[in-house]
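Engineer: Order-wise, the sequence lines are chains G and R. Its first residue numbered 1, the first sequence is counted upward by one per residue in this note's numbering. Its first residue numbered 1001, the second sequence is counted upward by one per residue in this note's numbering.
These are computed hints drawn from the structure, not numbers from a lab. Nothing here was measured: the structure is a model prediction, and the numbers come from that model.
In silico lysine to aspartate or glutamate, EDC-like type, Cα no more than 16 Å apart, as pairs:
no., chain 1, residue 1, chain 2, residue 2
1, R, K1175, R, D1006
2, R, K1226, R, E1303
3, R, K1169, R, D1014
4, R, K1181, R, E1255
5, G, K411, R, E1326
6, G, K262, G, E177
7, G, K259, G, E215
8, R, K1378, R, D1352
9, R, K1411, G, D408
10, R, K1356, R, E1375
11, R, K1411, G, E326
12, G, K411, R, D1408
Partner residues aside, some chain R positions facing chain G, computed with beta carbon under 7 Å:
no., residue
13, K1065
14, V1066
15, C1096
16, A1098
17, I1130
18, G1236
19, T1240
20, I1346
21, A1367
22, G1368
23, T1406
Yeah, the Cβ is synthetic: ideal placement off N, Cα and C, and Gly gets one too.
2 protein chains.
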Amino acid sequence: MISKTDFDGFEYTDGGVCAAPGFKAWGVHCGLTHAGAIDSGDKNDLAVIVSDCECSAAAVYTTNKVKGAPIQVTRENIADGRARGVVVNSVNANTCNADGVEKARKMCELAAENTGLSASDFIVASTGVIGQPLPIEPIAKGMPEVCKNLSYDGNDEACEAIMTTDTMKKEVAVKFELGGKTCTMGGMLKGSGMIHPNMATTLSFITTDVNISHECLRHALSDIIKNTLNMVSVDGDTSTNDMCCVMANGMAGNERITKEGKDFSQFENALFVVLLNLSRMMARDGEGATKLIECVCSGADSERAAKIVAKSVITSSLFKAAVFGEDANWGRILCAVGYADADFDIQQVDVDISSKAGKIPVCRSGAGVEFSEEEAKKILSEEEITILVSIGNGEFRAAAWGCDLTYDYVKINGDYRS
Amino acid sequence: MISKTDFDGFEYTDGGVCAAPGFKAWGVHCGLTHAGAIDSGDKNDLAVIVSDCECSAAAVYTTNKVKGAPIQVTRENIADGRARGVVVNSVNANTCNADGVEKARKMCELAAENTGLSASDFIVASTGVIGQPLPIEPIAKGMPEVCKNLSYDGNDEACEAIMTTDTMKKEVAVKFELGGKTCTMGGMLKGSGMIHPNMATTLSFITTDVNISHECLRHALSDIIKNTLNMVSVDGDTSTNDMCCVMANGMAGNERITKEGKDFSQFENALFVVLLNLSRMMARDGEGATKLIECVCSGADSERAAKIVAKSVITSSLFKAAVFGEDANWGRILCAVGYADADFDIQQVDVDISSKAGKIPVCRSGAGVEFSEEEAKKILSEEEITILVSIGNGEFRAAAWGCDLTYDYVKINGDYRS
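Isolated chain G (complex conformation) (with noise of 0.2 Å):
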C-alpha cells in the first residue's frame, strides 16, 4: 500500500466521502454494459453521495476538446455554485453519444425522484467506454435501491461503484482545526488509464463540513489540482470525463471562509493532503503498475521549469518500462531531463535515485558517476522509488506522479475494450 506522509495538524481517518458530518453515500451494481465489455460481474456501477444540507460547490474538468455528456450537465447544475448530491456511473463514459446531455440530464432526474431533492442539485459524472450509447434502464432500475440504503457508512460500496480497472479502492479522509472548530475532508478518485496531466484526469469526489463560499471553494480548488492531480500520468492519455469536484456543507460550523487568510489557506493545506493522498493512489494503481515512481525537480528557476522535468521523467515509457525491470538506467532519465521543454543547463543536472532501502548518486554535472549496482536493484526493488533531480541553483521545487510500464498494462489494453 502507499504510505502516507504526515502533515503537521492533520490526522488521518475512516470513512472516505462519508468521513465529513452529513454527507450519505451508496453503491450497487445495475448492470451497465457496453458493447464488447465482459460481463463485470457485480461490481457496483452506480453510486449516488448527498448532503444533509445544501453545499458549497466547485469543479474542475478535463481540457480534452472530447468532453463527455456529463461534464456540460454538471457545469450546468453548479454554475450556481450550489450541489446537493453526485450521481455516477461507471462501465460507460456517456461520451461522443448523440443523445449523452439527455441521458445525463435524466441520470440526474431519476437521482432526484429517489431522494426529494431536485435534479439541477447533483453533480453527474460517468466513466468508462467512449462512444456507447449508454443504456438508462439499468440506472433507472438500480436507482431506487441506491437512494434507499444511502447511508453514512455507505463510502465503500460508492467507492466500488465509480472503479473501472483500478485494483484498489482510493479513499482518504482527514481531521483538521480550523478556528476552534474541528473539521473533516474526504476524498474519493478512481484510476486507472487514460490518466494524464491536464486539470483533474480522473474522477474524484471530495466532500468536507467546512463552511466555505464557492467562490473560495473554487480558488481552492484550482489552486491545488496543480500541485496534485496535474502532476500524475499513467499513460500520457488526458480522458474525455475527468472531473474533481468538492462539495462543502457547513456543518462543521466554522466562521465561514469568504477571502484568503489564515482559514483558507488552512482549508487549501487540508485540501492538498486529500488530493495528494488521492494522486499518489492513483499512480500507484495505474494500470497494470507495480510501483509508484515520484519524480522531484529541485534547483529550478521557476516553478514551470521544475514541473515539466519532473513530469518528464515520470512519463518517459523507456524509463518506466526500466524501473519495471529494477533496472539502474539511468540515462533514461537524463534523455527524459534534456528533452523537457525548459531552460536550464545539462552540465549542471544531478541526480540521485533513492527508495526507503536507501539512496544514491547516478549522475553528477550531467555524467554518470560510478555506483553499486547492487545497491541500485535493492532500491528500486522496494514498491515507492523517488527520483531527485536537481537542475541548477534555483528555488523552485515540484514533485510528480507515475509508475512504471509492465506487462499487465498492455494486458489491459490490447486484450480487451476497457
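Chain R: place on chain G using the hints.
Structural biologist: Positioned in the frame of chain G, the structure of chain R alone reads:
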C-alpha cells in the same frame, strides 16, 4: 515486410548506402560492451562508409539538451559542408561521459589512419546505452579490418553494425533522372526505441551521387525531415544521439544543383521517397511492434494542426495497445484527437479505420456510427493499419507513423539494459 509506395519516376533498387556509385562500406564485430550489457554475440558493432571523392554533406541532430559527444564532433567536421565518410558504432552511445568528445575524435582519427583520409573528413555517430564510458580499444582493434574490407557491396555489413534492438535491417535505394542523368540515392537507418518526433529521431545515413551544393543539401534535408523522420514515434522518447546525415559525391555528373528549381525539387522528391520508406520501416520495427500504424489527418486549416493531430493518434499508449489487441476501440482515437493541441471543431471530426482488408467509418461528426465489429477485427488483423482522421474543411493534411504497444516493448525495455 513494409509495402513500398510507388512514386512516378522513381525506381527502387538494391544496395542501400552503396547503391550510388562511389560509395564503399563495411562493418565488423569489434566487441563493444557496457556495464550490465548482455553479450551481443558476434553482431557487427562498428561500421565505416567512404566515398571515392569529396562529398557535399549536411546533417540534422537531436533537439534533446543531452547530446551525444559524437554530435559535437560531427558538427565541427562538417561545418565546411564537406565530408568523405562516416564512422559509427552501436552498443555504447558515448553520451554523458567526461571524455566523450575526446573518444569521438579518436574514432575519426582511427578511421582516417586506416583509410588515408583526414580525421576531419568523417561524420561520427554512436548509438546504444547512455552514460557508460566508451572503451576505445575494441574500436582501435576493429578499425583496420573494417577499412581493409571497404567494398562497393558492403552495405549489408555496415547496416548490421548500426542495429541495436532492431529486428530487421532498414535500407532502401532509388534511381531517378536529373537533367538526363541517372542518379541514385540510398540510405540506411537504425531504430527501434527512444524514438519520437523531434529532429531526426534516429541514426540514418543517406548517400547519393547527385552533384549538389552543401547549402542546397542542407536546405533539402531540413525540408524533408519534417514530413518523414520527424513524424515517427515509437515511444515518445527523443533520443540523445540522433542524427540524419546526407553525403552527395556528385559522380552522377548532373549539372550542379546550387539553387531552388526543377532539379532541386526532383532531388527533394528523391530524399522524400528514401526517408519516407526508412521512416515507415522504423515505425514498423519499433521495439516489440507487430504492426505499423499510419495516421493521416486531413481537412486541417494548417499543416501544424494536421501534424499535431496525426502525431497525437500514433503516440497514444492506449490506442497503441488497442491496435496490438486488434480492438476497434475508436473512442481512444477520438480521445487522442481531442487532446491534441490544435484548434478545430470536434463536432466535425470523422474517423475511418483501414488496411488492405478494407475500410470502415467508425465516427462521424464526433459521434460513433454503427459498424461490424467482425469487419473491424479483420481490418485490424493486418500488419499495416491506416487511421484516417478528417477534422474539418481545411486543405492541409499530414501523415504520421507509429506502431502498436506490446508485451515485447515492455520486455525489451524492462528485462535488460538496452
